[in-house]
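**Student:** Chain by chain, the residues:
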Amino acid sequence: MCRIAAIKSKHPVSPTPILQMMAAMQKGHDNSGFAMVMQDLDGVFAAHKDVPLLSMACTPAGLERTERMMTHRGFGLEFDWQPEVDPSSALDIQRMPLYVFRNYRYPEEYRSRPFSEQKKFLVETQLALRHALAESGEGFVYSFWPDVLTLKEIGDPRDIAAAFGLWKEDFPLQARTISAQCRQNTNYQIVRYAAHPFFLEGYTLMGNGENTFFQKNRDFQQTLSPAYTGFESDTQCFLYTLHYVAEILGWPVQYYKHVITPLPFEEMALRPDAPVLYEIRQACQHLEINGPNTVVFTLPDGRMGIACDTKKLRPVVVGKDAGMVVAASEVCGINRILPDRDSDEDIYPGERELVLVDQNLEVQRWPQ
Amino acid sequence: MAAMTDLEVDQQSRQDARARPAGGSSAAHPRHPAIAKSAIPAGKRVPLAPPVYVRDTHATDQLWKIRWNPETCIRCGACVATCTFGALHAQLQRRGQTVSAGTLPNPLDTTEVILAVRQANDLAHACRGCGMCEKVCPTASIRPVANAHNRFAVVARRGGSPIKRGGRAHLIPGRVLDSIKVGRISQMTDPSLDAARHTFDLLTPLGRSIPADKLPLKVENGKLIPAGRMPPVRWIYPILIGDMSIGALSWRMWEALALATAYLNEECGLPVRMCSGEGGLPVKLLTSKNLQYMIIQIASGHFGWNRIIKAMPKMVTDPAAILIKIGQGAKPGDGGLLPAEKVAPHIQAIRGVPHADLLSPPNHQGLYSIEESVQKMFLSMNAAFQFRVPVAIKVAASSTSVSVFNNLVRDPYHIVGGFFMDGIQGGTGAANEVNLDHSGHPVLGKLRDCYLDAVAMGRQGQIPIFAGGGFGQTGNLAADAFKAICLGASGVFAAKIFLQTAGCVGDEKGRCNSCNTGLCPVGICTQDPALVARLDVDAAAQAIVDYFLATDQELKKLMAPIGNSSLPIGRSDALISMDKAAADRLQIAYAC
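Going down the list, the sequences are from chains A and B. So for the first sequence, numbering that gives the first Met the number 0 puts the first residue at 0; every next one is plus one. So for the second sequence, numbering that gives the first Met the number 0 puts the first residue at 0; every next one is plus one.
The reader is advised that the hints may include incorrect statements.
[Said to hold, decoys possible] A short, non-exhaustive set of chain B residues, derived as facing chain A with CB atoms under 10 angstroms:
no.	residue
1	ASP448
2	VAL454
3	ALA455
4	GLY457
None of these hints come from the bench; they were simulated from the model. For every residue, glycine included, the Cβ atom is placed at its ideal position computed from N, Cα and C.
Hey, can you work out the whole structure from these sequences and the hints?
**Tutor:** Listed below in structure tokens is the structure:
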């Protein structure tokens with residue numbers, strides 16, 4: 000199994016606590032990779048929260064191609080931060096030549112437009128960059144969004160962290176929301192795009208489990224939006240479903256649970272909203288998950304959500320103290336960074352609930 | 000009993016041919032023409048057997064030969080009495096024999112008259128191989144044996160009429176379904192489910208699905224609430240009882256199916272739906288709450304619809320659906336056929352027809368395009384029930400299936416509630432043999448094509464596809480249904496398997512297949528009260544219920560290993576095929 004961990008904190012934190020959680024859960028993954036999405040940034044990007052941040056790993060040729068494309072699209076470079084990567088060969092990491100974290104100013108004609116229009120252009124640009132670099136084999140584009148930074152790498156998570164200096168408490172990157180996954184590579188060729196968390200248009204999602212309806216999900220999703228692409232991991236389907244439900248359909252996020260794990264028919268029939276639930280079940284029958292899965296996601300408004308499948312219940316636990324809410328695959332991960340919390344307050348999300356954590360760290364449990 | 004060898008049978012046959020019939024016949028028994036009504040007057044010389052011409056048909060021309068053992072036969076007459084086809088008749092034969100009594104050889108020619116069982120030579124009374132004689136024989140002295148060297152196909156067209164029969168196609172080698180296995184087993188990372196302990200959601204929608212982004216819903220106080228009318232949808236068990244009419248079936252068999260359907264719904268919690276076939280429904284059922292379990296069929300003959308329309312004001316519930324039959328897998332391009340032999344008075348009453356051959360036209364009159372079909376048939380049917388009842392269409396699988404399906408999916412009115420596709424292995428109560436064996440299209444390939452076409456458009460599931468035609472042919476309906484569902488079917492319909500559970504002995508190797516004759520030996524496909532009495536309605540219904548209950552468990556036994564509790568519609572990655580060509584055609588993995 001993979002191991003996942005997420006932090007939602009009142010105060011900015013470095014990736015260190017995430018790494019500590021992963022170290023505590025180390026027996027649960029195989030050290031084949033590490034990926035992390037940081038949101039609500041602080042540190043070096045604190046002054047550039049309003050403009051999109053491009054996260055990618057590439058070759059020099061890939062960077063040149065990216066610069067040409069960004070210039071052609073009218074984006075202007077605002078800020079560029081390059082991590083210092085330890086070149087030591089003793090570390091188990093498959094380095095890319097360049098790690099790019101750059102803020103771009105919006106093109107002239109987009110600056111005065113509403114964000115609803117700007118964001119479409121950001122998604123379009125991210126997809127165009129991704130496809131261009133994939134075609135030429137010059138790199139990987141992970142996210143292009145304001146206040147969001149993504150890092151994905153293949154290797155031992157401890158060595159990856161060491162190479163990037165993530166263990167340092169004074170690491171120049173900090174964030175209030177961090178999601179991370181350490182991989183257990185089972186089904187797929189090791190590719191960077193297959194590493195969770197996945198990001199699309201403000202939605203971040205990572206999961207633990209196996210999507211037994213992967214083929215059904217993928218077959219259906221690939222015609223729903225050009226942004227639903229890649230499918231290097233079956234967990235991407237959960238992100239696309241979340242995006243489809245909340246962004247495209249505009250349904251309240253609670254209905255995400257109804258889509259991925261519909262109620263049994265006997266229960267549905269007794270509900271006052273049965274007609275709506277039946278319609279959702281029929282229209283979204285190809286978006287069910289029906290496997291052993293736990294997903295942890297972040298919405299564009301900053302809320303964090305946690306949901307499980309209904310039969311096999313891949314483990315996840317949510318703990319909190321006054322300044323932080325933490326979700327992790329195993330409670331030992333939470334114990335590592337919040338040893339003094341009231342563990343009686345820990346939440347083990349049930350098969351029929353959606354846990355939502357808002358910006359004030361208030362934890363809500365929504366029964367399906 | 001000592002079984003007779005072929006040689007013994009031939010010798011017997013020659014002896015029989017030489018034997019002199021002990022009875023003449025002036026007026027034949029209607030079903031047993033060889034049985035004389037009057038004995039030959041005493042003192043009259045017994046005439047010689049009539050001459051045999053090579054042009055005459057003979058028992059050896061038939062598909063089945065009767066093997067009868069005179070040594071063990073006790074001459075009870077049960078076989079002759081039970082044969083509905085008049086294929087057997089009892090005959091007195093005088094047989095010469097040489098006997099010697101005493102201690103020294105003293106051979107004497109004597110004769111004795113024995114009662115023999117003979118197979119009719121004329122094709123009108125040909126043996127159908129149904130085996131009823133064997134079933135009723137108390138000493139196991141008689142049975143039909145398939146005649147490999149028959150000449151049936153070349154003699155049965157005498158008189159200038161095509162050969163007709165019921166049943167399924169006969170000439171199809173191997174079943175692709177049997178080359179497919181459930182090969183993707185959940186282990187370790189995705190544990191299997193427990194078929195007995197876990198709950199399964201084995202329901203499928205019958206009715207048009209609106210794409211999620213077009214659902215008439217609005218958000219109020221964080222809740223989705225209906226903001227418009229949605230097409231009617233029934234969530235039903237994914238295996239339906241296919242369309243067989245009263246008329247094609249005896250009233251008892253049809254009643255057994257309807258009883259089983261109601262019982263499965265009311266007592267077993269399985270929302271199985273049954274299609275009426277094109278032949279109407281009893282008024283009592285039309286006006287009862289059990290109508291909700293029935294899918295009413297309308298076909299080109301509109302048989303029974305006079306009564307259905309008249310019953311509408313008295314209906315206490317809506318039917319499950321309306322199924323517009325355009326074509327049938329067993330005889331695509333041909334209309335329905337109910338021979339006059341089966342148009343008994345009660346059939347005339349239900350259908351509102353005189354006693355005659357009932358031929359449904361091959362096409363619906365006045366429909367010249369798919370668009371017209373949508374506009375006329377669907378709208379009228381929808382309007383008749385005020386858009387509360389899903390209206391589906393049934394077509395025969397064909398090279399053109401995808402075009403038809405595609406047109407229906409793109410129908411802007413969202414009015415087609417289901418696409419039933421019937422393959423070449425579908426059964427029929429009566430059809431020309433040339434159609435049964437030589438026309439039609441297998442359903443699996445077209446099911447897959449239609450589903451993948453919908454996938455390419457992002458419209459899978461919007462019109463649920465129900466596949467039929469040979470499902471359950473080997474007795475394993477759950478396996479067939481499961482595989483079809485993984486290939487993209489929302490459900491399957493089966494028919495003949497339920498008749499077989501009730502006692503039908505017909506098969507695809509020529510056994511019986513006499514549904515068209517009105518002489519069904521088990522009372523299933525006949526309207527002759529004496530024959531219908533052979534069928535016990537309750538026992539037949541019980542057998543069908545039992546079969547469904549077993550099938551339900553077997554379906555779960557297939558879903559559990561792939562780790563799914565909801566129907567894996569379109570989950571073809573769960574399947575492998577051990578036939579490379581089939582795997583390639585169906586776009587599933589080949590495995591060896």
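**Student:** Determine for every hint whether it applies to the structure shown.
**Tutor:** Checked hints:
1. Among the interface hints, the one on B:ASP448 is violated; its C-beta lies about 15 angstroms from the nearest C-beta in chain A, farther than the 10 angstroms criterion.
2. Contact between B:VAL454 and chain A, as hinted, is supported at the beta carbon level, the nearest pair being about 5 angstroms apart and thus within 10 angstroms.
3. Residue-level restraint check for B:ALA455 holds (minimum Cβ-Cβ distance to chain A is 8 angstroms; threshold 10 angstroms).
4. Taking 10 angstroms as the C-beta cut-off, the interface hint given for B:GLY457 holds, the closest approach to chain A being about 3 angstroms.
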